[in-house]
Amino acid sequence: MKRLLLVLLAALAACRADDRRDTVVLWHSYGGDERAALEQIIADFNAGDSGIRIEPVAVAYDGFADKITSAIPNGNGPDLFIFAHDRLGDWRAAGLIEPIEYYVDDALADRFRFQALALLARDGSLYGMPMAEKWTALYYNTDLVAVPPRTTDELRAIAAELDRRSPGTFALAYQNMELYGHAPWLHAFGGSALDGAGEPDLDTPAAIAALEYTRALARDGLVPREAKPTKVATLFNEGKAAMAISGPWFRQDATQVPWALAPLPVVSETGRPLQPYYGAEGVIMSARARDKDRAFEVMRALTGDDAAELRALRAHQLVPNLAVWRLPAVAGDPTLAVFARQLEQTVPMPGNAAMRQVWAPYERVLQSVISQGANPGDTLSAAEREVKSYLEGAE
Amino acid sequence: MSAPRGWAGSYALAAVLTFVVAAGSFVGYRNDAFRARETGRARAAAAMVARGLPAPPEAVAADLVLPAEPSARYPFLRRRQLASGRALGGAGAPFTDKLLYDAAGRAEAGGAYAAMIPGSELVLAAQPIPAHPQPGAAAGRAESSGGVAVAVTRPPQGPEGFPFLVVFGLLAIGALVAAAGALVGGRARPLGLALGACGLAVPATLWRGPVPGVLILAIAGAVAWAEHRGHLARAGAELRRQRAAYTFLGPAALAMLILVAVPFVIGLVLGFYDHHHGEWTYVGLDNFAEILSGGGRSLDEPLNFWFTLGVTVLWTAVNLVLHVTLGVTLALLLRQKWLRGRTAFRMLLILPWAIPNYITGLIWHGMFDEQHGAIDSLLSLFGIDQVHWFSSWATSFTANVVTNTWLGFPFMMVVALGALESIPRELDEAAEVDGASAWQRFRHVTLPHLRPALAPAVVLGAIWTFNMFNVIYLVSDGRPNGSTDILVTEAYRWAFERGERYGLASAYAVLIFLVLLLWTVFGTRVLRRRE
Chain A
1 MKRLLLVLLA ALAACRADDR RDTVVLWHSY GGDERAALEQ IIADFNAGDS
51 GIRIEPVAVA YDGFADKITS AIPNGNGPDL FIFAHDRLGD WRAAGLIEPI
101 EYYVDDALAD RFRFQALALL ARDGSLYGMP MAEKWTALYY NTDLVAVPPR
151 TTDELRAIAA ELDRRSPGTF ALAYQNMELY GHAPWLHAFG GSALDGAGEP
201 DLDTPAAIAA LEYTRALARD GLVPREAKPT KVATLFNEGK AAMAISGPWF
251 RQDATQVPWA LAPLPVVSET GRPLQPYYGA EGVIMSARAR DKDRAFEVMR
301 ALTGDDAAEL RALRAHQLVP NLAVWRLPAV AGDPTLAVFA RQLEQTVPMP
351 GNAAMRQVWA PYERVLQSVI SQGANPGDTL SAAEREVKSY LEGAE
Chain B
1001 MSAPRGWAGS YALAAVLTFV VAAGSFVGYR NDAFRARETG RARAAAAMVA
1051 RGLPAPPEAV AADLVLPAEP SARYPFLRRR QLASGRALGG AGAPFTDKLL
1101 YDAAGRAEAG GAYAAMIPGS ELVLAAQPIP AHPQPGAAAG RAESSGGVAV
1151 AVTRPPQGPE GFPFLVVFGL LAIGALVAAA GALVGGRARP LGLALGACGL
1201 AVPATLWRGP VPGVLILAIA GAVAWAEHRG HLARAGAELR RQRAAYTFLG
1251 PAALAMLILV AVPFVIGLVL GFYDHHHGEW TYVGLDNFAE ILSGGGRSLD
1301 EPLNFWFTLG VTVLWTAVNL VLHVTLGVTL ALLLRQKWLR GRTAFRMLLI
1351 LPWAIPNYIT GLIWHGMFDE QHGAIDSLLS LFGIDQVHWF SSWATSFTAN
1401 VVTNTWLGFP FMMVVALGAL ESIPRELDEA AEVDGASAWQ RFRHVTLPHL
1451 RPALAPAVVL GAIWTFNMFN VIYLVSDGRP NGSTDILVTE AYRWAFERGE
1501 RYGLASAYAV LIFLVLLLWT VFGTRVLRRR E
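Chains as they are written, first to last, in the working numbering: chain A, 1 to 395; chain B, 1001 to 1531.
Chain B on its own, in the form it takes in the complex:
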């Protein structure tokens, strides 16, 4: 059992948590009640206007707004006037005119409504009036031509105040119960804590229904259980002991939560929704089904998910092979003693890595240009005229790969250089004395030492390449026909170039995440097994 003094701290923790839940449910209840009361008042005022009765005193404006009449020259300039004959708007018009005008339009389109007006203390209600069937009136115009009764009211009093007395009274009684339990000791101690902490469940249930009530009960139970098992005491002691560590970790943990965890969860949830004109509809797994079925496109069409996945995997594999081969080769060269100016070479070779990759992407895009491009100028020296780099899949893909290899090999080279430094030269020399050829020395001495350092670099490099948005978007831009797009640029296009299908794009992102997750779990395992 934990120290007998611990009950106060545990109760304080439970009290704070339950207070937050209770306060939240009260604010929700208060806003709802206030909205219901005041929109009801506005509705009543609008109903009185509709019946031709005088509006109540809390109405700031209440009138019957007649149907809009378009201007003769401008069909999109519609004017409205009140039943009294006054036209809405114009110089010196009261500020409520705009409210009346907008409310009439909205009610004509969507029927009666009532709402709080954001940014003001006013409430508005509008109610369309069915037209009296008039003899000789044109058919079809009859439904809403009776105008709209609109009332703008100012609430006579604000929402209710926070019931401090009730809340703090319950918390004080709870403290007494918990203290009593602690005094008795034994099983009464957690029981008293649980009972004392769940006092706010009653008002919370009255305010916002069973959900906050159950939540408070759960908090009370959990705190009592944790206290009983000594978790809280241990956690408190640990926090105190490692105060400095947690203080330093806190900001980073918070940043990770806000910048990584929250967007991740939101993205995950969006994948189950469809977005149209700013409205979100829950569609379950439809987005995933559409993507995985290829959306009705055949396998050789670039917009088919499996086509893009194939391109992405090929893109990643080709790049990794080139990055590793080139990186390791250069690292081996830079290790040679006979090479002069090694430091300078090292600096130069790391340079592509130091330049922001979008700048590199733009530079290479320009170099692959068929009219001005440096590469075509170079090729023309060898009699090869005007390669249209982005006109066919193979050349376009090659252009992307060349750019990304330029960007990617320095990383592998740096990793390999570091690993090579750690290989004792004696091993190499011993193998040489034993008569091993250069290849045998590389194969059996150098390579086994490189592997542990290269394996994580390869896993990481694969993830970077798999999601290398900048190169694809800036160099080939998916040309021709989106066939060189990879999954991440495809997701971007669904979100921002093809009808703002954010839900579908999120589903793409989730699938990318799953592919990379599989790769990280199994890829590392495979690489490790080969060690």
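Extracted from the complex, chain A is given alone in its bound form:
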């Protein structure tokens, strides 16, 4: 009995210790180089004389958002966490995250790319400090492709040549079973997932044209029929796909073949370039953060130019810090230079409640149309009805 009491007391003491206000708990789902860079930044910060200690907690990406949603209201969530911008709307509505514009003046905001800040803002408040930006470009295997295609006609020419030289090799691989991978095509045909008012608008002529086009790519054997991210990486690494559309994170995966980066091509039929989504990832403060002033000091440090430089160079993150892009080491990096060019042809990824309901149904549209040959118009209008029913159900 005495021993049990001692154990209980020790557990209580541990809880109390965790309540120390000079410790800022940071949840993240970084792995690999990103994690190494983040831990380096945190180690440097903790060794400094700020009087604040950052305690990083790595949380698996799957279920990260759900853990945030359930942990913060119960008071056992983090003080800060790193996540993409697209869940902010829900978390804000649920009162889980802290607006931080109180801490941010124009001079601080001027250090970041406007789009990144804008994606982290909702209804006149700012909810995160931008850590990284994400968009995709064209990786090409330099052994298989000498000159990257500027148009889809050139892409087809490369495919025809590959067919002669090494049959069974796909010209291109991209995540064609998810809206994130399909979006560049959708945009190139003048479509978008949401209308101007932010409402789902799936069944449009442009969306149908984009689906028919990408289905033809799969049917003609230019791209694999069902490609998930791991498969894209495998095909590219094995030389079975000459090109791949992916983001900066792909550098860690594409290690087996020599590659270079190019901007996404123009769709010859429409004359418009493929435009990937532009997404932002921020460090976000919990509404239940124990010491908000200190938590913001940590946000400021993590998104500072020095930290961003380390993340850009060591973890190949695209960072929204404008000063970092002017550094010789970054400006001279050919890969980052291509990403910078591609940035001009991106579309900000919507992050509202309607968009969150679009992803899964759109995934099924892509499956039905590309793998099973269903009618694009019927599938899209069914998906639109489904999305709207979710939105009504959630009201």
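None of these hints come from the bench; they were simulated from the model.
From a predicted model like this one, the values you see are computed outputs, not experimental measurements.
Glycine is no exception: its CB is placed at the ideal position from the N, C-alpha and C atoms.
Just so you know, not all the hints are guaranteed correct.
Residues of chain A clear of chain B, computed beta-carbon distances all greater than 12 angstroms [to be verified]:
| id | residue |
| --- | --- |
| 1 | S29 |
| 2 | D163 |
| 3 | D195 |
| 4 | E269 |
| 5 | G304 |
A short, non-exhaustive set of chain A residues, derived as facing chain B with CB atoms under 8 angstroms [what the hints assert, rightly or not]:
| id | residue |
| --- | --- |
| 6 | A58 |
| 7 | E101 |
| 8 | Y102 |
| 9 | V104 |
| 10 | E226 |
| 11 | R290 |
| 12 | K292 |
| 13 | D293 |
| 14 | M355 |
| 15 | A360 |
| 16 | R364 |
| 17 | Q367 |
| 18 | Q372 |
| 19 | Y390 |
Calculated from the model, a selection of chain A residues having no Cβ within reach of chain B, i.e. all distances over 12 angstroms [said to hold, decoys possible]:
| id | residue |
| --- | --- |
| 20 | D123 |
| 21 | L194 |
| 22 | A323 |
| 23 | T335 |
| 24 | R385 |
Could you slot chain B onto chain A? The hints should help.
Leaving out everything else, chain B in the frame of chain A:
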């Protein structure tokens, strides 16, 4: 009647229980009273600020916060300043600036409020000030442009202390009453116990209303009744007699309570609520009605409950038939004396069961891949090119069934092997001597002996298969179009992939539970009747 000494123990039990209720109601009362008193004080301070009067001394900060002005370049960066002209925030700003800033925003959006500030000893009140209608002011901006009066106060004294004297005095008097009743004996004994134990009902009612009062009366009555009937004495004796058993059972019982009973009840209750943006609304049976009516979807749409139920039942039935057939066949083979290396085969065949099923699921998912998959490579040897396994319902369902059969037959095989060992060989040999054919021997000798062992395995296997989340989620992932989803993956999708409808997902879980309950009750009965 129980032993005359027992009253003290019974009274102690009642005293502890009523003390817990009374203490709980006092803490509730104390917190409410403290909150009411201190938020009232903060409200008064905010009201004084609103009227332009000096704030009271307990105010840590009290000021009029002017409406937010967005920065010229960044519409989402809004600054605020005080009526005195000082801007909120910036280097060296007092820590209360953030409180004032946040309170002004909240009051502008939701009206006046007062609250304790969590994690500190401070209390805050905010009160929006209606703007004076100004000539020439733009219409529509007039309501809240007068700013917000905010006061942050520090309570001059803490909440009241626990009235130990009252509580323990009442308990001591109660002990005397109970003792007196026990001395008199007869009917006075339970009466004294009941009267003595209900003393705390009075202060509890004063603190938190009739509910805790009635609860204490009920506890007192129940303990007195149980003592009168001798239940308590018997229970005490039983506890003492089987002390070791209960000590060992205790942790497991507690774990079951926390890990099984509590989540079960919470899940059940959630089924009656709707979840939106972290807010829960009671909706009665709406979730169930939506599910059972198919949510406006026709019967052949995968999101219709009845479609999914049909798929789930088919999935369970097909799997069970395959598991049992394959398991029993292999068990019969492994029993043959002529088979060499039986132990090695046995080990190999149990292997699929020993591997975690999500790993098996992922492996099979890869094998069904149309470009790299081992299965398509094998089929191409026979001239069958590129089966798109997950493009049509039948092939996708087949892929799931193949994976789950791989996972499921070893269990049935092990059960059947055990049962076969217990069949005396003489029976088989006698039947053979009598001229029974191999089939007749199996049908009339082996099978009747297998049944008692297989029946519970089939019931259990059905429950496992019915809820086999991993295989469906990892192999077909519901493709195409969610048509190979079973009920449990459907519930998961409602919770985590379609707008966080936790209430609807809970209702699904309740329905799954009901289906399985029916199966366990009636399925076992049917299987037993056939024995």
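To see whether the hints hold, each was checked on the structure:
1. No Cβ of chain B approaches the Cβ of A:S29 within 12 angstroms, the least distance being about 16 angstroms, so the stated non-interface status holds.
2. Residue-level check passed: A:D163 sits 16 angstroms from the nearest beta carbon of chain B, beyond 12 angstroms.
3. Taking the minimum C-beta to C-beta distance to chain B, about 19 angstroms, the non-interface status of A:D195 holds against the 12 angstroms cut.
4. For A:E269, the requirement that its beta carbon stay farther than 12 angstroms from each beta carbon of chain B is met, with the minimum near 27 angstroms.
5. At roughly 16 angstroms from the closest C-beta of chain B, the C-beta of A:G304 stays outside 12 angstroms, upholding its exclusion from the interface.
6. Interface restraint check for A:A58: the shortest CB-CB distance to chain B comes to about 21 angstroms, outside 8 angstroms, so the restraint is violated.
7. This hint holds: A:E101 has a C-beta 5 angstroms from the nearest C-beta of chain B, less than the 8 angstroms allowed.
8. A distance limit of 8 angstroms between C-beta atoms decides the matter here; for A:Y102 the minimum to chain B is near 5 angstroms, and the interface restraint holds.
9. The closest approach between the C-beta of A:V104 and any C-beta of chain B is roughly 6 angstroms, which is under the 8 angstroms cut-off, so the hint is satisfied.
10. Interface restraint check for A:E226: the shortest CB-CB distance to chain B comes to about 7 angstroms, inside 8 angstroms, so the restraint holds.
11. For A:R290, the shortest C-beta to C-beta distance to chain B is roughly 6 angstroms, which falls under 8 angstroms, so the interface hint holds.
12. Interface restraint check for A:K292: the shortest CB-CB distance to chain B comes to about 6 angstroms, inside 8 angstroms, so the restraint holds.
13. The restraint placing A:D293 at the interface with chain B holds, with a minimum CB-CB distance near 7 angstroms, inside the 8 angstroms limit.
14. Because the closest C-beta pair between A:M355 and chain B is about 12 angstroms apart, greater than 8 angstroms, the hint is violated.
15. Taken as an interface hint, A:A360 checks out: its beta carbon lies about 5 angstroms from the nearest beta carbon of chain B, inside 8 angstroms.
16. At its closest, the beta carbon of A:R364 sits 5 angstroms from a beta carbon of chain B; the interface hint therefore holds under the 8 angstroms criterion.
17. For A:Q367, the interface hint holds, the least distance from its beta-carbon to any beta-carbon of chain B being 6 angstroms, beneath 8 angstroms.
18. Residue-level restraint check for A:Q372 holds (minimum Cβ-Cβ distance to chain B is 5 angstroms; threshold 8 angstroms).
19. Taking 8 angstroms as the C-beta cut-off, the interface hint given for A:Y390 holds, the closest approach to chain B being about 5 angstroms.
20. At roughly 8 angstroms, the least C-beta separation between A:D123 and chain B is not larger than 12 angstroms, which violates its mark as non-interface.
21. Every C-beta of chain B lies more than 12 angstroms from that of A:L194, the closest at about 16 angstroms, which supports listing it as non-interface.
22. The non-interface label for A:A323 is consistent with chain B: the shortest C-beta to C-beta separation is roughly 17 angstroms, beyond 12 angstroms.
23. The Cβ of A:T335 lies farther than 12 angstroms from every Cβ of chain B, with a closest approach of about 28 angstroms, so its non-interface assignment holds.
24. For A:R385, the non-interface assignment is contradicted: its Cβ lies about 10 angstroms from the closest Cβ of chain B, within the 12 angstroms cut-off.
Hint violations for this structure: numbers 6, 14, 20 and 24, all remaining hints satisfied.
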